[in-house]
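J.: These are the residues of each chain, in order.
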Amino acid sequence: MDNIQISGTSKTPDVNFDAGSGKLEISGRSIPENSYQFYEPLLSWLDGYSGQPKDTTMLTFKLDYFNTSSSMYILGILKKLEKLYLAGHKANVKWYYDADDEDMLQTGEDLKQIVKIPIDMVEINQEA
Amino acid sequence: MNEPVISDFDIHKTYNLLKGEQIVLSHFGRLDGDLVDMLIQLTDKKLSKSNTRIRVRKKIVNILVECLQNSLNYTADLDNSPEAESIAESPFLILSRQKNGYFIYTGNCITVEQADFLRSKIDELSTLNTEELHNYYLQTLNKETLPDSGGAGLGLADIMRRAKQNVAFEFYDLENGYFLFCLLIQVEAPDESLPTGTTPQTTQITEIKEI
Chain A
876 MDNIQISGTS KTPDVNFDAG SGKLEISGRS IPENSYQFYE PLLSWLDGYS
926 GQPKDTTMLT FKLDYFNTSS SMYILGILKK LEKLYLAGHK ANVKWYYDAD
976 DEDMLQTGED LKQIVKIPID MVEINQEA
Chain B
5 MNEPVISDFD IHKTYNLLKG EQIVLSHFGR LDGDLVDMLI QLTDKKLSKS
55 NTRIRVRKKI VNILVECLQN SLNYTADLDN SPEAESIAES PFLILSRQKN
105 GYFIYTGNCI TVEQADFLRS KIDELSTLNT EELHNYYLQT LNKETLPDSG
155 GAGLGLADIM RRAKQNVAFE FYDLENGYFL FCLLIQVEAP DESLPTGTTP
205 QTTQITEIKE I
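Quick note, the sequences are listed as chains A and B, same order. My numbering puts the first residue of the first sequence at 876, with every later residue one more than the last. My numbering puts the first residue of the second sequence at 5, with every later residue one more than the last.
Just so you know, these hints were derived from the structure itself, not from any lab. Worth double-checking, as some hints may not be accurate.
In silico BS3-like cross-links for lysine-lysine, where the CA-CA straight-line distance does not exceed 25 angstroms [as the list claims (entries may be wrong)]:
| hint | chain 1 | residue 1 | chain 2 | residue 2 |
| --- | --- | --- | --- | --- |
| 1 | A | K991 | A | K954 |
| 2 | B | K53 | B | K125 |
| 3 | A | K991 | B | K147 |
| 4 | A | K958 | B | K49 |
| 5 | B | K125 | A | K937 |
| 6 | A | K969 | B | K147 |
| 7 | A | K991 | A | K965 |
| 8 | B | K147 | A | K955 |
| 9 | A | K954 | B | K147 |
| 10 | B | K49 | A | K937 |
| 11 | A | K987 | B | K147 |
| 12 | A | K955 | A | K969 |
| 13 | A | K937 | B | K50 |
| 14 | A | K987 | B | K168 |
| 15 | B | K168 | B | K125 |
Label pairs and their calculated CB-CB ranges [to be verified]:
| hint | chain 1 | residue 1 | chain 2 | residue 2 | range |
| --- | --- | --- | --- | --- | --- |
| 16 | B | D12 | A | L918 | 37 to 45 angstroms |
| 17 | B | T131 | A | G926 | 42 to 50 angstroms |
| 18 | A | E915 | B | K168 | 30 to 38 angstroms |
| 19 | B | I15 | A | P916 | 18 to 26 angstroms |
In silico negatives: residues of chain B with every beta carbon more than 12 angstroms from chain A [claimed, not checked]:
| hint | residue |
| --- | --- |
| 20 | E25 |
| 21 | R34 |
| 22 | G157 |
The structure presented is a predicted model; accordingly, all values stated were derived computationally and were not measured. For glycine and all other residues, C-beta sits at the position ideal for the given N, C-alpha and C.
Turn these sequences into a full structure, and let the hints guide you.
T.: What follows is the structure in structure tokens.
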């Protein structure tokens, strides 16, 4: 299947979904006014990928900002991966947050409470 | 011969007012997607340049995104109405720096039906303590079905939890079938020093008294 490679803008994140390696990454800002338009193709891609997943799927989030409509789609992506995981496939999620960004840390912790899939919290440091 | 009068506008007074109140950014008028994007980028840039802590800057920017996109999406949309122009021009945003943090004052015109819906949501959320608000947020996030827009509940809960519930709401009846919906939000920045030569006030959120 085709990979997804989308370059980020001031409103939308970089997306790199590689079906060949099972490495999926979303990074940057996710504050689109129309989250459906941006995220629906990603959810559809995951439906296709779930039919022939790699041995291990690694999903990485490195977000600076996101709006609440994006947060619903981020959860939607995690739920797709959760299905894969509960069906017996290996899957792992890395949630990056800045050491000083308590809200991004909290969101990662919140998502851990909602989905039954391993989410590693990864702290990063950057200058203010 | 008299000096030519260019304008009665007192720029010195206005400058001192804006400086004294430490206005970081303000906007009045019609919004569109590009303008919202620019306001967010400008805020991010200005707060980065002023060495605002990451946690404070990100909190402010995230709250602004939510507020401005709500104004953009939910300002009453009227055609062929005498009020259409003034309603479309109603969104406003003021971000100011005070001794005890940053204050975001924002609002826009909404219909009576929107006001009723928001009031019921705010009444529901205002009774919650920190833990209950967190649980409400989690439950609402989890039960939303895509591609639903999420409704006001999740957005309001997100603003309130990011601002640690330092949020006041007000509805001003414009007596023409519309309300001006206003939010005053405090983002605490306790360990930041103010620029020298400024004398901002200490503001506490109790309720919004007047515009």
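J.: Hint by hint, say whether it matches the structure.
T.: Here is what the structure says about each hint:
1. Distance restraint check for A:K991 and A:K954: the Cα-Cα separation of roughly 9 angstroms lies within the 25 angstroms cut-off, and the hinted pair is therefore satisfied.
2. Restraint check for B:K53 and B:K125: not satisfied, since their Cα atoms lie roughly 37 angstroms apart, outside the 25 angstroms limit.
3. The straight-line distance between the Cα atoms of A:K991 and B:K147 is roughly 16 angstroms, inside the 25 angstroms bound, and the hint therefore holds.
4. Note on A:K958 and B:K49: the hinted pairing is violated, with a Cα-Cα distance of about 40 angstroms set against a maximum of 25 angstroms.
5. Proposed proximity of B:K125 and A:K937 is contradicted: the alpha carbons are some 32 angstroms apart, above 25 angstroms.
6. With a C-alpha separation of about 23 angstroms, the suggested pair A:K969 and B:K147 falls inside the 25 angstroms cut-off, and the hint holds.
7. Of the pairs offered as hints, the one joining A:K991 and A:K965 holds, with about 13 angstroms between alpha carbons and a cut-off of 25 angstroms not exceeded.
8. With a C-alpha separation of about 15 angstroms, the suggested pairing of B:K147 with A:K955 holds against the 25 angstroms cut-off.
9. Our distance criterion of 25 angstroms between C-alpha atoms is met by A:K954 and B:K147, whose separation comes to about 12 angstroms.
10. In summary, the hint linking B:K49 to A:K937 is supported, as the alpha carbons are separated by about 20 angstroms, within the 25 angstroms threshold.
11. Between the alpha carbons of A:K987 and B:K147 the distance comes to roughly 16 angstroms, so the proposed pair stays at or under 25 angstroms and holds.
12. This hinted pair checks out: A:K955 and A:K969 have alpha carbons roughly 15 angstroms apart, not beyond 25 angstroms.
13. Between A:K937 and B:K50 the alpha-carbon distance is near 23 angstroms, which keeps this suggested pair within the 25 angstroms criterion.
14. Of the pairs offered as hints, the one joining A:K987 and B:K168 holds, with about 21 angstroms between alpha carbons and a cut-off of 25 angstroms not exceeded.
15. Pair hint B:K168 plus B:K125 holds up; C-alpha atoms about 17 angstroms apart against a cutoff of 25 angstroms.
16. Separated by about 58 angstroms at the C-beta atoms, B:D12 and A:L918 break the suggested range of 37 to 45 angstroms.
17. In this structure the supplied range 42 to 50 angstroms holds for B:T131 paired with A:G926, their Cβ-Cβ distance being about 46 angstroms.
18. At about 34 angstroms, the CB distance of A:E915 to B:K168 agrees with the hint of 30 to 38 angstroms.
19. Range check, B:I15 to A:P916: about 51 angstroms between beta-carbon atoms, so the 18 to 26 angstroms window is missed.
20. No beta-carbon of chain A comes within 12 angstroms of the beta-carbon of B:E25; the shortest separation is about 24 angstroms.
21. The Cβ of B:R34 sits about 15 angstroms from the closest Cβ of chain A, beyond the 12 angstroms cut-off, so the non-interface label holds.
22. At roughly 10 angstroms, the least C-beta separation between B:G157 and chain A is not larger than 12 angstroms, which violates its mark as non-interface.
Hint violations for this structure: numbers 2, 4, 5, 16, 19 and 22, all remaining hints satisfied.
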